[in-house]
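Chemist: Whole structure, please, built from the sequences with the hints as guidance.
Each chain, letter by letter, is given below.
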Amino acid sequence: MPNKREVAIISAAATKCGEHWDKGIKDLAWEAGVKAVDEAGISGKDIEYLVVGNMSGGMFVGQEHIGALVADFLGLNPIPSLRVEAACASGGIAFSQGCLAVASGLYDIVAVGGVEKMTDVEPEQATSVLSGAMDFEWEAYFGATFPGLYALMAKRYMYEYNVKIETLANVAVKNHFHGSLNPLAHFRNRITVEEALISPMVADPLRKYDCSPVSDGAAVAILAPLEIAKKYTDTPIIVKASVPASDTLSLLKRRDICTIDATVYAANKAFQLAHMERKDIDAVEVHDCFTIAELLAIEDLGFCKKGEASKMVNEGQTYVGGKFPVNMDGGLKASGHPVGATGVKQIAELVKQLRGEAERGRQVNGAEVGLAHNVGGSGGTAVVTILSR
Amino acid sequence: MSTTAAHWRRMKDRYRLLGSKCETCGTTFFPATKVCSKCRRKGKTVPIEFSGKGRIFSYTIQHAAPRMFEQHTPSIIALVELDEGPKVLSQIVDCEHNELRIGMEVEACFRKLFEQDRGGIISYGFKFRPLDNSWTKYYEAKKE
Amino acid sequence: MKVGIVGYGVYIPRWRIRTENIAEVWGQDAEAIKKGLGVEEKSVPSMDEDTATIAVEAARNAMKRAYDLKGHEIGAIYVGSESHPYAVKPTAVTVAEALGLTPNITAADTEFACKAATAGMQACLGLVKGGYVKYGITIGADTAQSAPGDALEYTAAAGGAAYIVGEDNILAEIEGTCSYTQDVPDFWRREGSLYPRHAGRFTGEPAYFEHVIKCSKNLMEKLNTCPTDYTYAVFHMPNGKFPLRAASLLGFDVKKVLPGLVVQNIGNTYSGSSLLGLAAVLDEAKSGDRILMTSYGSGAGSDSFSITVKDAIEQKRMLAPPVKYYINKKSYLSYSIYAKNKKLFRD
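Protein chains in written order, with the working numbering: chain A, 73 to 461; chain B, 896 to 1039; chain C, 598 to 944.
Hints in this document: simulated from the structure, not taken from any laboratory. Computed from a prediction, not measured in an experiment: that's the story for all the values here. Just so you know, nobody snuck in bad clues.
Only pairs whose alpha carbons sit at most 25 Å apart, straight line, appear in this in silico DSS-like list of lysine-lysine:
#1 C:K661 to B:K1007
#2 C:K686 to B:K1007
#3 B:K1007 to C:K939
#4 A:K351 to A:K378
#5 C:K926 to B:K1032
#6 C:K940 to B:K1007
#7 C:K921 to B:K1032
#8 A:K341 to A:K378
#9 B:K1007 to C:K937
#10 C:K819 to C:K726
#11 C:K852 to C:K838
#12 B:K907 to C:K661
#13 B:K948 to C:K927
#14 C:K926 to B:K1007
#15 B:K948 to C:K926
#16 A:K395 to A:K377
#17 C:K661 to B:K948
#18 B:K1032 to C:K927
#19 B:K1032 to C:K907
#20 B:K933 to A:K341
Modeler: Right under this line is the structure:
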């Protein structure tokens, strides 16, 4: 079913990700919001509707009612402001819902945000909070952690498709390389395959460099119908499709633990709505919460057959400058994973790429069409967004 | 982590590996469902107790422990594919790390999952250990 | 109808710690201790095992042997232990739930040091014979605790045995039982204390031997039997020496005691002790063999049972693992891991 109106992005901005001791949720949301509004050249008063992605303000900092919080502290009262949650896909879902609001014709200028403050709690507590994204009764209760769940996927994937551990290390090395060129990245250090392979084991076979960090961060995008967006920018970025999909909450109920069916469904639907094909995509931001997830994503999005992503990775095709650039900002691994914000942070990166505004060395030359892929939990939610100049 | 009521709610399923079976199409489910996802309204589900036998579908050794499981680190968790079809997620016990194999036969056993705290409720449930039928040889020797 | 054992099952955790490893830590002479106590190594539970989990495993094995009975026919359950996981909340209900025996069942935990479960067995006999229940199950299980460095540390072990009592298809008949009970403070643990205390050599003659000997003699007198009528004798095993001396004092050939003397390889499983010894005997006994079993619980008391093995043993025994399997399925722990597991390093 086609959009009622074409939706476009006027601007999208993100904070740096990291351990921001001096910033709470309000500060992070403010920082990203002001950046986005300034870049858009709009006034806050122009925003008519706000959707915010946030996984767990309650369990990280004791703060719920995030929709009201962001509207209040960005000076946006009394517009409607809602928080949506889909674990690590909260940002992507927020974006897709913001697009719905614009496409419906009921709202013109819509702000979409994502914010997460994860570092106030001890790492064990953060792990516990993130466990809320799995099936609490049948996974967390039995002692599973998120690295554990993705490790189960990785072990089975490596067993079924004969993939070596070096392939995962190559993903981490590439993402750290891109991150080193990104001033907003959580981690700016480059690593080698050797360093990755001897880093401490987290959940066999996933080691420290296979796992995205706990980060604080926020991102905001300003949406409008295309005709209105053109008034504010010469380079409106068109949302060709933004499609969420769901799959089983728990890994144990999945059809195939090496495939995130929600990604497959959302991707197929997105390409259908966008009237586009896989080969039209110039740059991709995928949800590499763990290195294995990047491999699965490339396959589940339909860019290659199941089991064949390792070839692309090992041949260096996924570097900027390669045939199929993936995670030009460093991905979740290096640029950071403030869970509720990540989906919107990915959009901000693609907007930069499509406008040719990314830093040298990590800008995809002549990028015209980009795809963002955001996942919640071990695959219970996926959102696929296709953006185009 | 969990209230007492939440501990109790799925206790029987955790103690005895209970699920459900659709009498219309024969599919078994874990956790138990009231509606068969294949047959929907045409299905008739009844409770079943799984045999506890299965194979390791995938496994991992977790070095970063979740809360309340710190003492048990490193822990082995696995997806076990039960003989009847569904998969469950659980810990593997009585097994050295280097003995783990995808496809290894396992059987359910009854263990402590965690204690809320020193004075709190103890939660019990199923874990899996390598299937070992070697005990039958003690009786064969006697027969001869 | 004759009442007896319809199914039996055991469980011993796989971990062991050797006498040498304990002696080394406390600067004691391992060989002298092994000689004095008659114990080579003892069984230790995994961190995720306790009396309830051991009881469930043993009871599940008993249910396998009692293949022809339905869970809802078991009308009584007693779990005897000195290491119940809760001071208030019975282990019996957890075991009953895990076996699917709830809700139409009477349940209680029993306590009488190491004879808690044989008291439960007598309760089951009464309920079955009185026609109140069709079957009753009694389980003796312990994860015995001892103060670090105390002599008990060499023997305090973990394990359990379960017995289903009834009248249908019995594998062994319980022909009679009697008890001998007095207030004797040989071994105790106060509420709130972590470890038990004992009265040294006082635990021998006026405690263990007084009760085990007198009780066994009383039962044989009551049934008009004598040691030569028995193929096997099982006595509670606080160590490897006391049961042999009890046999000698009663006039039993020591060969009759050896098959049940599991303490040498796994230590004293407290409420599981005599019942594990009985199970080891049932694992090899033939139809017609007679067994005298006398338990002992500090504090003090003994329960004695005269048991005759029936034909059904041959078929039923094969349905679950024997005691020998559990004894031989083992891995060793160092003292430091053993201490960590026992949470000896308190915060």
